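Visitor: Going line by line, the protein sequences match chains A and B. Numbering of the first sequence is given in the working numbering, commencing with residue 1 and proceeding in unit increments. Numbering of the second sequence is given in the working numbering, commencing with residue 1001 and proceeding in unit increments.
Cross-link-like lysine to any residue pairs, in silico, SDA-like; alpha carbons within 20 Å at most: (1) B/LYS1058 with A/ASP72; (2) B/LYS1068 with B/GLN1124; (3) A/LYS58 with B/ASP1071; (4) B/LYS1081 with A/PRO118.
What the hints contain is simulated information worked out from the structure, not anything from laboratory work. Predicted model only: the values in this text are computed from it and were never measured.
There are 2 protein chains.
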Amino acid sequence: MDKFVSDTLKNHNLRTTSCRENVLDTFRIRETALSQGDLEGALKNKKFDRVTIYRTLKTFLEKGIIHKVLDDEGIRYALCKERCTEASHNHEHVHFKCTDCGQTNCLDNLHIPAFSLPPGYRAQETSLLIQGLCADCTQQK
Amino acid sequence: MDKFVSDTLKNHNLRTTSCRENVLDTFRIRETALSQGDLEGALKNKKFDRVTIYRTLKTFLEKGIIHKVLDDEGIRYALCKERCTEASHNHEHVHFKCTDCGQTNCLDNLHIPAFSLPPGYRAQETSLLIQGLCADCTQQK
DNA sequence: TGTAGGTTGCAACTCCGTTGCATGGTAATT
DNA sequence: AATTACCATGCAACGGAGTTGCAACCTACA
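Based on the sequences and whatever the hints tell you, model everything.
Guide: Laid out in C-alpha cells, this is it:
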C-alpha cells in the first residue's frame, strides 16, 4: 500500500484496515471530490459494507483527513491538504465544479477575498463554490 | 392571502393552489432558509402530501421563485429577491448559517469580491457560504 | 357553467444517513 | 508467538428524502 496512505492513517492514530486503506488510496488516485456512491462504485469488488464506507468517511472527517464539498447534487468529500490538521482544520475552502464533466476539485491556491459582514455577525468558516467550465472542458469547446 | 403571494404566483404563470399559497406564505413569514422538513412541519395541520410539497418546491425552483441553499446539514430553500427572474437567475448567492441558532439566511447586500481563476477556467455561478454567529446570537454571549 | 389540462394524493420504489449489536480484526503487552 | 483489550466491521433495521406513475380532483378560461 502507498506510503501516503499508511503514513496518513498512522499520523492520525487510526488503525490500518483494508477499508480505510482503500478509501484513502481512492482519494489519492482520483484527485477529485468523491461522493459515498462514487466510493462504493470504485470499491465494489472489495465488498465493503456501505455502512463501513459511511463510517470510514465519518472518521476521516472527524480526523480532518477529508472535508465536505457541497453542491447542488449533494455532498462529496475531498482530501484536505497539509494545511489541515485535527486541531486546526482549515476554515476556508474553495471548490470548483465543472458543469460539463461534473468533476469537483479544490482550488487550493485560490483564497476567498475579504468581505465585510453586517454588524454583529462573526464568521468562523467560509466556503466558496464556483460552478463553470474547467480548463479541460473549455479547450474542447 | 397575502398580495405578495398571489402576485408571485401570477407573475410566474402558476395556478394558485392551496399548497403553493401556503408554502410561499411560509417563506414570506419566516424570512429564512427552509428545508422540505421545515415546511412539512410548518404546514402539518394543512395535511398536504409530502410529494405535493416536494413538487411545489421543484416548481418554484424551476420558476426561479426560490433557490437552493446548501450547508453541512443538507439542502434548504430560500426566496429569491427581485433580482432573480425565470430568464436570468441570479448567479451569485451569499448565505450565512449561524452555528448557534442554526438559521440560514441570505445576505443580499453582500457581494462576492472579485477573484481570479486558474488559466482556462470560466465561472458561471458562484455561491459563498459563511458559517459563524449571527447578530442575535452574538449579543447573547 | 362546462371543459381542457394542470395539480394533487396515494402507492411504491430507491438511495442515503444513522444506530445497535454481535462478531471479527488490530495492535500493544507479555 | 500468544494473549487480550478495544476498535472496526457486517448485518439488520429504521426514518427521511427524492422520484415516478396513475387516477381523481380542481383551476382558469371560454
